[in-house]
Amino acid sequence: MISRRKIISRSLDNLDAIGQEEQEEDVWHDREKLFRDHINEVLSKWEQIDDEIWAKIIVFEKNRRVAKAYARSSVITINGSKNGFDGVRIGLNGFDNPMRDAETKVIKKSIGDGFKIKMDDTGNIFIKRYGKSSIYVNSTSQGNEETVIGGDIIQMPQMSLTAATSARLFDMKKFQTNINREFARTYPERGRLERQCLSAVSLVKSNNNLINSPVWILVVNVVAMDMLRSRLQTIPKSLDAMGMRVPLTNSSEDPYSTIESQVGLIYPTPAASDDSQNSQHSSNSSKGRRSIFSAAFLNEGPYVPKPDYESGGSLTPIYADKKRQKSSGSQQRKKQDDPYYCGLLARIPNFIKSSKQPCPGGASKPKKEPKISRKISAQHQQQQFLQPAQPIPIATFHHSYFPYKLYPPQHRLSQSQMSLWDARSLISAHE
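For what it's worth, the UniProt record's numbering labels the leading residue of the sequence shown as 1, then goes sequentially.
There may be inaccurate statements among the hints.
[To be verified] Here are the simulated lysine-lysine pairs, DSSO-like style, with alpha carbons at most 27 Å apart:
hint: 1; residue 1: K108; residue 2: K45
hint: 2; residue 1: K174; residue 2: K6
hint: 3; residue 1: K174; residue 2: K116
hint: 4; residue 1: K45; residue 2: K132
hint: 5; residue 1: K173; residue 2: K82
hint: 6; residue 1: K105; residue 2: K82
hint: 7; residue 1: K116; residue 2: K132
hint: 8; residue 1: K105; residue 2: K116
hint: 9; residue 1: K132; residue 2: K109
hint: 10; residue 1: K6; residue 2: K33
hint: 11; residue 1: K174; residue 2: K108
hint: 12; residue 1: K33; residue 2: K108
hint: 13; residue 1: K108; residue 2: K205
hint: 14; residue 1: K105; residue 2: K174
hint: 15; residue 1: K105; residue 2: K132
hint: 16; residue 1: K128; residue 2: K118
hint: 17; residue 1: K128; residue 2: K116
hint: 18; residue 1: K116; residue 2: K173
hint: 19; residue 1: K174; residue 2: K132
hint: 20; residue 1: K174; residue 2: K109
hint: 21; residue 1: K108; residue 2: K173
hint: 22; residue 1: K82; residue 2: K33
hint: 23; residue 1: K173; residue 2: K132
hint: 24; residue 1: K108; residue 2: K128
hint: 25; residue 1: K82; residue 2: K109
hint: 26; residue 1: K6; residue 2: K128
hint: 27; residue 1: K205; residue 2: K109
Don't read these hints as lab results, they were simulated from the structure.
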């Protein structure tokens, strides 16, 4: 008999086995997912990022992330040195990658002086090539979307930079125009604007598929994300037929605002209004990254619902929660002192750290073996030095009764050997 349930269950088991393949860490196979993950990574650490950070720079070798660092200095040099990251320059040959292929090794040797990126006072990012090797700018937007790359770069063949010529990698005026144009649409999409906050630069060699480029850099514009973040919180949201506020995009979650703040907007309660007023005063005293484009970013107080007195349980008052928030502020300050979020240190993936760590059992033995061999050789030399050069002669009647005189004074002959020698000598003499 044929059972439909058995056939379907077997097919589902095969699908589950296929979907359970482990994804390798710091490796991406889809360009859009790579962009989305790095944008969400910056947003998740937004409160820990120092206010003077203007970009996050990620180093890639094809589809593998090798290092990441925050840019604090207004000018960042990216070249082929072995210095790693020191806050001002990034040496691409200073980061290890045990999975590096032969093509990438050849490309990294020919990077040379590389290029520099700089942000001016108005938020524009400029790029200038200094080395002999080619530098290519890659668009992070889709084919039918607007871009924020400068017109001077777009006019170049394959968007290849000219040596010793400054070009505009990110145009702030274009970005502001694209924001206004996007929110004027019936169905604005936040993802289009977020992709414009990214800039990709390939070194020596470029590829139509960005994640197949041997060595390339991804720049996350933190200033542009700050502007977009503040703009999303200040624009008037559309209303549905019932007069309730709905998000701008089709997604059910807005990463730029908390769920509690949205609930406070939909259902304004006295507790929510009081808490929003108190949060404005408390946020002014707290430290962290604050938007420079709008003061509405300060209104981030959590929504506290009314207590349910019918439940009969003991509930902590609201002011107790505020005290906890103040105590947690000191912990956030400690996180902000991290040199990585201050733009002074780079981080490398875990697979590189694990490859650098030596084996626990195999590293100590080779170090001890030469020490032991040295000790044995030293003892052997001492024994050779103490022993006579000639072999011990056999006692005969030709020898004297005191054979110890035949040996040098450094030779040590035990008492038992002396008595045995004397006995054999006497016997041989009387024969």
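Status of the hints after comparison with the structure:
1. Simply put, K108 and K45 have alpha-carbon atoms about 31 Å apart, too far for the 27 Å limit, and the pair is violated.
2. Between K174 and K6 the CA atoms are separated by roughly 59 Å; this puts the pair beyond 27 Å, and the hint is violated.
3. Taking the CA atoms of K174 and K116, the gap is about 22 Å. The hint holds against a cut of 27 Å.
4. Restraint check for K45 and K132: the C-alpha separation of about 37 Å exceeds 27 Å, so the hint is violated.
5. Pair hint K173 plus K82 does not hold up; C-alpha atoms about 37 Å apart against a cutoff of 27 Å.
6. Distance hint between K105 and K82 is fulfilled; the C-alpha atoms sit about 13 Å from each other, no more than 27 Å.
7. Note on K116 and K132: the hinted pairing holds, with a Cα-Cα distance of about 14 Å set against a maximum of 27 Å.
8. As the CA atoms of K105 and K116 are separated by approximately 22 Å, the hinted pair is consistent with the 27 Å bound.
9. A C-alpha spacing of about 12 Å is found between K132 and K109, which places the hinted pair at or below 27 Å, so the restraint holds.
10. Taking the CA atoms of K6 and K33, the gap is near 36 Å; set against the 27 Å cutoff, the hint is violated.
11. With a C-alpha separation of about 33 Å, the suggested pair K174 and K108 falls outside the 27 Å cut-off, and the hint is violated.
12. As the CA atoms of K33 and K108 are separated by approximately 26 Å, the hinted pair is consistent with the 27 Å bound.
13. At most 27 Å may separate the alpha-carbon atoms for a hinted pair to count; K108 and K205 meet this at roughly 10 Å.
14. A C-alpha spacing of about 37 Å is found between K105 and K174, which places the hinted pair above 27 Å, so the restraint is violated.
15. Distance hint between K105 and K132 is fulfilled; the C-alpha atoms sit about 18 Å from each other, no more than 27 Å.
16. The hinted pair formed by K128 and K118 meets the criterion: a straight-line CA distance of about 9 Å does not exceed 27 Å.
17. With a C-alpha separation of about 5 Å, the suggested pair K128 and K116 falls inside the 27 Å cut-off, and the hint holds.
18. With a C-alpha separation of about 22 Å, the suggested pairing of K116 with K173 holds against the 27 Å cut-off.
19. Between K174 and K132 the alpha-carbon distance is near 30 Å, which puts this suggested pair outside the 27 Å criterion.
20. With a CA separation close to 36 Å, the supplied pair K174 and K109 exceeds the 27 Å bound.
21. Between K108 and K173, the direct Cα distance comes to roughly 35 Å. Violation of the 27 Å bound is thereby established for this hinted pair.
22. A threshold of 27 Å between alpha carbons decides the hint, and for K82 with K33 the separation of about 30 Å lies outside it, so the pair is violated.
23. Distance restraint check for K173 and K132: the Cα-Cα separation of roughly 31 Å exceeds the 27 Å cut-off, and the hinted pair is therefore not satisfied.
24. The hinted pair formed by K108 and K128 meets the criterion: a straight-line CA distance of about 19 Å does not exceed 27 Å.
25. Taken as a hint, the K82 and K109 pair is honoured in the structure, with Cα atoms around 11 Å apart against an allowance of 27 Å.
26. For the given pair, K6 sits about 64 Å from K128 by alpha-carbon distance, which is inconsistent with the 27 Å threshold.
27. At most 27 Å may separate the alpha-carbon atoms for a hinted pair to count; K205 and K109 meet this at roughly 12 Å.
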